[in-house]
Amino acid sequence: MLLFRDLSFRHKIPLRAIVLVLLTAVVLTAANITREYDQLRSDLLDNAQSLGRVLAAALITPMLHDDLWRAYEVIRMPVETQTQSSLVAELLMVLDPQLRIYVSTDPRTHPVLAELDELGPVFARLADEISTLPPTVHGRALELSEAEDFFVAMPIVFDGVPLGTLLMAYPKSIFEPRFQAIVNRAALVTLLVLLVLLPISAYWGRRMADPLVQLADCMGKVGDTIPPESECRLYESRDEIGRAGTQLRQMLGALREKQALEQQVIASERLAAIGRITAGIAHEINNPLGGMLNAISTYKKHGQAELATTRTLPLLERGLLQIRDTVAALLVEAKVKSHPLTAQDIADLDTLLHPHVAHKRIQLVWEGELTRDVPLPSTQVRQILLNLLLNAVEAADSGTEVVCRTELLQEHLLVKVSNQGEPIPADRLTHLFEPFVGAKPEGHGLGLWVTYQLVTQLGGAIDVKSDASNGTIFSVRLPIGDQKE
Amino acid sequence: MDRRRFLAGLASGAAAAALPSTAASGPPVEPIRIGLTPVFLDDQAAFLNRWRNYLSARIGSPVVFVQRASYREISEQMHIRQLDIAWMCGYPYVMDHSRLHLLAVPLHLGRPAYHSYLITRDDIADIADIGDLAGKVFAFSDPNSFSGSLYPRFLLHQSGLSADTLFRRSFFTWSHRKVIEAVASGLADGGAVAGYVWETLSKLHPEITGRTRVVSRSPSYGFPPFVARADLDPALTDKVRAVFLGMRDDGAGMRLLETLNLDGFVPGTPEMYATIAVMANQVDLS
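Note that the protein sequences, when read in sequence, are chains A and D.
Going by this note's numbering, the first residue of the first sequence is number 1, and it counts up by one from there.
Going by this note's numbering, the first residue of the second sequence is number 1001, and it counts up by one from there.
No lab work stands behind these hints, which were simulated from the structure alone.
As the structure is a prediction and not an experimental result, all values here were calculated from the model.
In this text, a Cβ means the ideal position worked out from N, Cα and C, and glycines have one as well.
Incorrect hints may appear among the rest.
To be verified - One-sided and incomplete, this derived list gives chain D residues near chain A with beta-carbon spacing under 8 Å:
id, residue
1, 1137
2, 1168
3, 1169
4, 1172
5, 1178
6, 1182
7, 1185
8, 1186
Claimed, not checked - Looking from chain A toward chain D, a few residues come up when the C-beta cut is under 10 Å (computed):
id, residue
9, 103
10, 104
11, 108
12, 109
13, 112
Unchecked claim - Far from chain D, by Cβ distances over 10 Å, these chain A residues were calculated:
id, residue
14, 29
15, 107
16, 148
17, 174
18, 233
19, 425
20, 477
Generate the whole structure from the sequences, applying the supplied hints.
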């Protein structure tokens, strides 16, 4: 079963508006009925008193003459001439001074000469009340909670002598049609108000609930992955919901940053582990390799040349040399001494790359300039830049630009190499700097690995971003003066 | 202004209706004044207008109906010659027969006679005669009515009872129809009423008589007659009598008689009321 508390605010707000309208209608109608009841009651008593005075006056002669029939005709007149809308007495009776019925409009139920207090508990109480009435010309309303009628008692007095009492009974249900009319009218008005208010409250409900729904939807998307900002449409405002939205956006931003950082840490730890393993293996290979190459060299100088040997030995040497090259490439040696980096080194790179660039009809753009010599080993930096630029030229679409931007800051050298071309797929990006992963089918896939090792050994950082709109950008940050001499 | 013109028009219209043959000119003719008592259903104003116009046309002089609340007032007005003719009960007629001439006697169910009915409320059982109404409330019609007063008092007298001792309360309604209404409503437990009125009302308003029950019917007595002052011009008396007797011979008269629930009029004789005189002497002298 759907509970009210589980409903969406889109429905809760209009439902609450309906409840409010109904509550207001009920309270107002009740107030109206109470007011109407008081008004009707006072009208009724006024009517009864004026009618009672007229009838009491008309009854004096019949009672003095003891003319029962005339008295009956007098009291029957208001009952017989009743109109539908007016407040009409249901029963009238004349009591003699001994509180016996002199005449009543319903003689079969209230016969002539019956004792009033023998007609039932209500009439017995009325008899008590009437016996204490002062003989004035003013009537008195007698309202008994147990009775179904209002009673008005009017003394019939002639020349100061009480002849009897006129008793008039008005059914309490006399008000019901009027109350019914009020309730009907109130119901109609409430219905009209609801007809007008429902669309308005539904609209308000939507206006109020939508920001909340957006907030809830956005929070619902947060799981293993943090949804990108574009997926969370949030309501902009300074109200509570707007503030919650701003807070959520900030939290998501922080979470995204944390997640990126974690991934970076994992990647660099992996690369470091790979580096250590590679270096270990390379050293283990290099030692026997050096021995083997020495042995071949010695044999070539001093050994007897046999046909088979002279044919096999160069083969062995070439293989071992290839192994040495590969291992050397893996075992990036940053400890080569070299002069500080100058603007000329950069210019040399342009010359070196020229044939590749010309071949692919690509524009190589250099931005920024080294205004001074930078205390970074020029060989390694040139190696880094050369690797990145060669990759960029390779990946760039024909006719586009490859941009190399250098920026010399106080403590860092920033280099950005960017190209327009097919972006690197996301799954490849995470393993891009690992050995033998390289982007191209040709080549040994060690270029970026070497680059990464060089940058790391220089105490710097390398980062890559690749997407369809911005192309691929490699950023290298190298600290100045930090590296060991 | 409007009201005045209206009243003037009404007066001239009434005069024209009252003077059918002599038209507008000539000296004013003294109208014949006929007193009516509630011996019949006298509360039908439109019918009385038609009857009056009929009589005026047939008699040839204007007729005026005079209605009063009690039989006594009509008798007194006959005395002082303010009325020429009256439809009264047989009881006041025999009490004053020396000064009254019998003019015409109505025929009800073909006979110039009627009965006194003793009636009770329909919800009271085991009432067989007037003595069973002991301790009850009783309604008489007019003190001077035979069927609605003298006859029940005669019955009580014969049993050695009186209204004051037998009934818890008794009262007069001054009209037969109102006796029936008083019993029907329960104001009275029993009452005495002219049988002719009860039967006529049962045709017009059976819902009223239906709430009453006829306990006993008296023997037949002379129907309440039309009487004329003894000193009224005999020629006029004869003329008026002829008109009454001739009512059943023409269509308009028949229609009026139908409304009255009567069959016609006969001359009648004073002997028809002799028993009433005897009963009156017995009851009133005791």
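Please name the hints from earlier in the document that this structure breaks, with their numbers sorted from lowest to highest. Violated: hint 15 alone.
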